[in-house]
Amino acid sequence: MRILAWNCRGAAKPAFMSSFKRLVQLHCPEICFLCETRLSGDGLGRLRRRQGRDWETYAVESQGLSGGLLILWRRGVARIDVFHNCSQQVVMVVSELEADPWVLCGVYASTDYRVRRTLWHEITNLLAQGIPTVAVGDFNCIQSADEKRGGAPFTDRIDRREFRDFVQLNGLVDLGFSGPRFTWCNNQPGGARVWERLDRAFASPDWILRFPTCRVSHLPRIASDHCPLLISTSSVSGHHSPFRFEKIWLSYPQSWDIVRDAWRVPVRGDAMRRVSRKLELTKRRLRRWNREVVGDIFRRLEGVEEEITTLQEREDLRGTLPEEDMSHLRGLLATHHSLLRQHEIFWRQKSRVQWVNEGDRNTRFFHRTTVIRRQRSMIHSLRDGSGRRVEGIADDENTTLVRPVLAEEVQEVVWALAADKAPGPDGFPPFFFRRYWGIIRGAVIEAVQCFFTQAAMPEDWKATFIMLIPKRQEEMMWDLQRASKRGSLMAVKLDMERAYDKIRWSFLRRALEAYGFHRRWIGWILGCIQGPKFSILVNGTPSVFFESTMGLQQGCPLSPYLFIICSDILSRALQRACASRELESYVSAPGAGPVSHLLFADDCLLLSRARVSEARVLRRVLADYCAASGQRINFTKSAIQFSPSTESRVRQKIRSILQMPEQEGTLVYLGVPITGRRLRVAECSGLVQRVESRLEGWRASSLSMMGRLTLVRSVLGSMPVYLMANTVVPKTTLLKIERLLRSFLWGSHGGGRGVHLVAWERVCRPTSEGGLGVQSLLERRETLIARHAARFLLEPYGLWSRVMATRYGRGSPEVARRGRRISFMWREIGRYLPTVLAHTRWLMGDGRTIVVTDDPWVDTIPLRYWPTTVDFEAAVGLRVCDLLAPGRAEWDVDRLHQLFGAHLAERILSLPVPGCEGPDVRVWSTSCRASVRLGDLARVIQCEHESGWDGAWIWRSRLHPRAALFLWKVMWDRLPTRAVLSRRGLGIPAECGACGADESVDHALFGCFWARQTWQWTGIPEEVWRERRLFLQMIRQWLASPRTCQEAIRATCTAHQIWLARNARTFGERRMSPSGTRGGAGFVIRDPHSRVVAAGGCRLFDTSVPAAELRAAWAGLCHARRVLRASSIILEGDSSTVIGWIRRESTDHPLIRNIRMMVRDVVAFEAKHVFREANGAADWVAAYAAHHSGYALWAGERELPLALREILYFDVLGCIRTRVV
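For the sequence shown, this note's numbering assigns the number 1 to the initial residue and increments by one for each residue that follows.
Quick caveat, the hints were computed from the structure, so don't treat them as lab data. There may be inaccurate statements among the hints.
Here are the simulated lysine to any residue pairs, SDA-like style, with alpha carbons at most 20 Å apart [to be verified]:
#1 LYS736 with ILE158
#2 LYS969 with HIS1056
#3 LYS502 with TYR561
#4 LYS736 with LEU723
#5 LYS1168 with ILE1129
#6 LYS533 with TYR515
#7 LYS731 with GLU692
#8 LYS653 with VAL492
#9 LYS731 with LEU679
#10 LYS148 with THR213
#11 LYS736 with GLU647
#12 LYS502 with GLN554
#13 LYS1168 with CYS1118
#14 LYS13 with ASN187
#15 LYS533 with SER506
#16 LYS969 with VAL921
#17 LYS502 with ARG632
#18 LYS502 with THR549
#19 LYS21 with GLY64
#20 LYS283 with ILE308
#21 LYS736 with GLN689
#22 LYS502 with VAL715
#23 LYS283 with TYR561
#24 LYS736 with GLU769
#25 LYS502 with PHE546
#26 LYS148 with ASN186
Restraint-style ranges between C-beta atoms, simulated for each label pair [said to hold, decoys possible]:
#27 LEU735 with PRO912: 20 to 26 Å
#28 ARG1160 with ALA997: 47 to 53 Å
#29 GLU991 with GLN1046: 32 to 38 Å
#30 ILE536 with TYR797: 45 to 51 Å
#31 ILE536 with GLY747: 36 to 42 Å
#32 PRO14 with ILE536: 43 to 49 Å
Yeah, the Cβ is synthetic: ideal placement off N, Cα and C, and Gly gets one too.
Given only the sequences and the hints, what does the whole structure look like? Please build it.
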């Protein structure tokens, strides 16, 4: 189906009709949504008549010259039921032939954000119904800066924040677009022109699962300042997908026979070609077996569910089933369970999600950001600073490289591959080779060893699929306001075009030969990379293969190392130019080391004086390197940054020589803004937007809280770490991200904010202190700043440490220079230098650096702080080397006793004698290493939290992750019971819905009579489940022993099921089927004395919630009038929408007209809205009809089921029924 949505800005203007007809002819939409038609009365009628008889229409008239909505749909294509409209939206149910209904919401949001709040609230209530929904139209608001161009700078105003919150809390997913980026333009000339993306399409995750291939196209902006949107719910044409080995096949024993028989077939050729042909034969046989035996898992699942439903309905009607049917039903249930398992495996393999395994198990999430080195110099050989040739690779290293490959090494590599990674054109992923290794082992090892003999690879082994993905936006530079008083400087940031793809193989060969690699090893490398074939996947369909003539393959494990070797050529050329004084390197401070260039990944930064002569040298070096290597500089993306003292004339000449633009703004290198001041919140907005974007993508998945917790721990919480590890991120930015993570973790229900049951501070504690192990971003920020201080102290010979020590520390790492002209980051690092210094000590080398009394070298504290009566006055100022005997490499025993006394002298004499192990080294006290782990640093920086609970035992146990998370909530007494929610001020009575007592966690799990009956039925002793504290103690005790571990699991699962049953009783009184297409309509008729005269209901298919409410009202009125001949009727319903339709005269729904005609002759009729809690009996009847009988009718109280009579009994007594939010 195709939907056209367009803000036409007036449907009465002459240009509209011709443009609209053209759009309909070109794109053939089935539904058209027009907003801001500015039509009413006769004008609306004329437009309807001009559409012809093939179209049906529904309109909301404009208010004066503003607003107006119009829906048009083709007759016979689908059934459209409009059940809500207002000036900002039209909501309709779309029921296609033999398909489940879904909701289309046409939006025309007000320009006043206060009015838009009503729209957000209405759509939120709509989404709470759980029906697949898509909202499309003009939202009159943007979310981020990249959705606007021109005009005033983007600011994060309240209306935009509310719009983002509305999208995030409801889990809506932006369907994206193709075509122009912006959908609205003010059409003003020059600098006053503004573009924004105001029109878009959002969908609920269920709608996306229903239409996974949907597309949104931005059509040309004609006859309006808004682009029309075309939403297609399905692909234009089918496609032929390449073969993929499905993981679900592993669950079939027949797959082993197929693979074994295929690999036993004798084939000709060398070992590598034999493997290729056997894989091709395996592929053909698996395809035929899948088509003939396995079949379509989705259709099989639907068929089994239909059979189960039929047998269970037959059992409900007859009370029992014959033994043959019962046996068949048990077999169907087992088959259904197996198919569901295969269904889960199928989608897990397709989604490539690696952070979830076996039902929310907290597994490792593989972050593989291959950051590769780029750009260095070219020459035919490598030489050092003295001009001597550097061979690079020693003979013994070459001998190791070219030794024969062992079978164990081949198997080790196979097992090291990520099992579920996307396969190549052959369709066999790594887990295929692992699972069938016993069958294919010999052939695969022989093929690999054959390659190392021939140094040639079959063409099909080097074939690769290329998947086209949307390119990210260009990197931006922001304002850099930093001057230099030591002369003019320039920073040249280079961008290489497709750096991997441009490397010449001849250049790589010469570089490897210059390093001295063995010719046989070079042949192996070139045999792997030369002559690859590629096929582009377009919507899953591969194109014709084509061959490459240069370049390194992205994703190949060899490529990063080979690219480093090629890039090192450019680095050496720049170093040689600096050595010959053609270039003057950047020196940050007197005595600091020179820096001429920084190379990492796709970023290359050249630093030099802003001189015309040096620009010519840079141009020559870059040109020589590009000519030899094949690299090409993208001059439009490269940029030059000058210091403020550079003259404009010099700037112009340098720009002309290098052919690069001058970038005004903050220099961004490796994704980190480089400024002479602290980062501003606005400069970090991109980080917040990336987290929001990732959250929006994950909301399309059906994630339990355990799945969301795994994501927060492993992925989302680590996204800001890279920036925090390299600069000081504002606390406000991190608080915004933590707010997003909190909302994501606790979820949203029906569009509302999820209840944060446990304080975020507790969640961020380690599991050993009762938390969930989520790292607090603010605490991590402090730890990462302290790590810079630790690196400064423990790595004094690194480039960064030497520059900082020379610039700020005046050569002494312990002295943090204070003053106004120091960087903000150094000031932050200085805060942690004393703390980090107190946790370091010295390991002796030559003893020339360590001060005897002031440095910790004997123990973790300096000698002058030791609790001793010895006077160290004579040792002040001495170095450790001064304690050695003159002319001998041993301690001066007499002097040690004289200075330190007998006890301390003996302690020093037990230490190694300094002088033969290089310079002294400062190390971390606890590990005695010249580096520090973040965990050790965090324990020093952050204080321990006081907690009476040790929760680590929960997560170390064999409990299912969901059960463990449930037990953690029980431990903190934070299950969302009525008492807990009442204490939160949600206006919910604290009484239990079953017995009327206060519903605490103890009561819900152990005290309520439903819970007690369940515990008694399980046979678990009462002393275990008498109260929460004893329950937790016993579970912990049982989990500690392998013998009683199963008892702990059984008790925990019992408590979990009690909680789930409680939720089903609380929320399940009114429930649609999982597919959302099967519901029920129920009614209860009472006389003036509240006695039940009749009750009944029926099952409904392909219906929406409002339609089901209407059917229930119609069925009840028909029975009251036609069977009971009632003359006075009061209709009570819990749907305010339906009651409103019945009261209003303007609604044109057929059932509304029938209801009005029926009650026309009634003496007294009144339609009243009541809350759902007052309509529990009718809800129970509807659920019974939907899920059990399909149709029900009772003609008096004696015929009513017991459960329904209990509900009616409580109603007569006037018992309070509370609402749970």
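Non-conforming hints, listed in increasing numerical order: Hints 6, 10, 11, 16, 19, 20, 22, 23, 24, 27 not satisfied by this model.
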